[in-house]
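Chains as they are written, first to last, in the working numbering: chain L, 1 to 342; chain A, 1 to 342.
There could be a bad hint or two in this list.
Note: identical chains are not told apart, hence a pair may lie in one copy or across any two.
[Claimed, not checked] DMTMM-like cross-link-like pairs, simulated, lysine to aspartate or glutamate; straight-line CA separation at most 20 Å:
#, residue 1, residue 2
1, K225, D164
2, K312, D61
3, K225, E311
4, K225, E264
5, K151, E244
6, K225, E332
7, K242, D211
8, K170, D145
9, K296, E142
Since the hints were derived computationally from the structure, they do not count as laboratory data.
From a predicted model like this one, the values you see are computed outputs, not experimental measurements.
Read off the chains here:
Protein chains: 2
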Amino acid sequence: MTNGQATLSKTKGCKSAFVCVVLYARNLSVNIHLPEKLVSVLVVGSLALDSIETPFGSVHDAIGGSATYISVAASYFVNPIRVVGVVGGDFPRSAITFLEDRKVDLDGLQVIKNGKTFRWSGRYHYDLNERDTLSTDLNVFEKFDPEIPEKYRKTRCVCLGNIDPVLQLKVLDQMDNPRLVVCDTMNYWIDRKKTDLQKTLKRINILILNDSEARLLSQEPNLIKAGRVIRSMGPRVLIIKKGEHGALLLTDQMTFSAPAYPMENIFDPTGAGDSFAGGFVGWLARTDDTSEENLKRAVIYGSTLASFCVEKFSVDGLKDLTYLRIQDRFREFRELSRFEDI
Amino acid sequence: MTNGQATLSKTKGCKSAFVCVVLYARNLSVNIHLPEKLVSVLVVGSLALDSIETPFGSVHDAIGGSATYISVAASYFVNPIRVVGVVGGDFPRSAITFLEDRKVDLDGLQVIKNGKTFRWSGRYHYDLNERDTLSTDLNVFEKFDPEIPEKYRKTRCVCLGNIDPVLQLKVLDQMDNPRLVVCDTMNYWIDRKKTDLQKTLKRINILILNDSEARLLSQEPNLIKAGRVIRSMGPRVLIIKKGEHGALLLTDQMTFSAPAYPMENIFDPTGAGDSFAGGFVGWLARTDDTSEENLKRAVIYGSTLASFCVEKFSVDGLKDLTYLRIQDRFREFRELSRFEDI
């Protein structure tokens, strides 16, 4: 760690390739197995104020945005998380404090004092699988032009949140040879900026999208075929999120099917996909290991953080987690899909 | 085995609770681990002639029906399979021969010489997830009144294919205390015969249905909650099939999420659900073990047989399988969802 916020101390008797460490970070003071190399993550995306209605309640101007969810989820695995984004003067001090408490480095956050923060408002239907966007006010996000601070440019791991692919390219242009680039996108950009998106795809390692977006991008209804088509566009690794049906991890050599956590009460699906991305990239950064076996684990950590996210409104489900709770749920995922050979 | 079609010989040095046996049945002459107790399965359902159009081709008057698919799939695990159903004088001799070759006992098959076999005709859409029924001619099936031959009544394992729940009850009324009753149903019966279906549900052990049917029966969009509601109606164990997303196995103690086999080319989805039921019940009958661990394996065997089924038209995908091919695919399923703990 470069910032001294965590102290690593080697302990004897642990498994090969791992060292037992004690990490004295906030909410993380437990003995855990950690790999030797820790790296930070650069996150670029939106920071927003969301107003959300679900059948279970509503919130107004709650903290949201892709960069927010990704950062908070990833912060349980590595820190600091370096955020590049933009907010207005109305972005609440409490939100800043919350992110700083999670060891999110906000030196790359542009604050437009006389501008307003990006606002989104939506209503979820009874089954929570569909939502209506009630309003989208881009505000200061409309002219967002990501500028990567000099000290961020050597960050080895980059997570491009769901923003205009032109901006995603601008970010990559400023980076100094990142080792791992994980990228999210959505139907809006596939429909409107396909050519730019295709340029982005050529420069990333891992793409995360959902099943309908995969079908839209590939023009192929069969998800396995869609995966082949999309991977031929650039990313070596593709993750297709399927909501209540889990996720697929597709590489040249492997298809991995991750289960969904069986949830009876989903309070607010907002941010689930971004929390997935954060948990996924956080685990990869923490372990500095992109082997297929570890990519599978990263998908499970992504699913784990997404499952915590939807249990409460806004980012509340990602507050006050501990590494032990995350591990317990990781193991529940394992139990969920494990079966014995005969 | 009561009919002497298989010879069991114990071999030393095998795992506890299992004995190594050599099963000299057709297509099954390999050394495999088998439990000591083998039991037959009674299957009640439709035998039909299907005319199917898919984007990949079409067939006319091909062998189909729930009892057919269930029997053939289950026949790879136990024999004889005992079928109770009805066909007309036009049911082809080749279909009878095929079933007999698979050691399906047809003594319970009613043949109405001057009647016509149940015919179904359907067309699948491009993405194969939806189909239009073009015609349904019940013919002799309209007056089907299942009569269980005396020699079948002590069969310990019963699989009730997707027929009128009134008929399912009639079957159970004739059985002599079966140990395991597995039941399939569909939206048609949930809509039209819910009261009768609820009576059936009180007398079965395991219900198999798909996700939309589970939502319809429970009036609950969340599948985990739906599972709880449906299990409170009777069946201790519920399986919710989710097509390309795999299947859920739900019990009081456990949620198991089975992956779907990643298929790029599905030729004909007809019979996939019935093949699932056949593989599932066949494995349970073969092992005489309904522990939760073995129920999981049975779900994977069901998924395995369903995956073979959809690779070809009609029952062609279930012809000429071997136990080794089935085992190989079972292990592919394991690879598909397996990940290592950290």
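| request: Against the structure, test the hints numbered earlier, and report the numbers of the ones violated in rising order. | output: 1, 5 and 9
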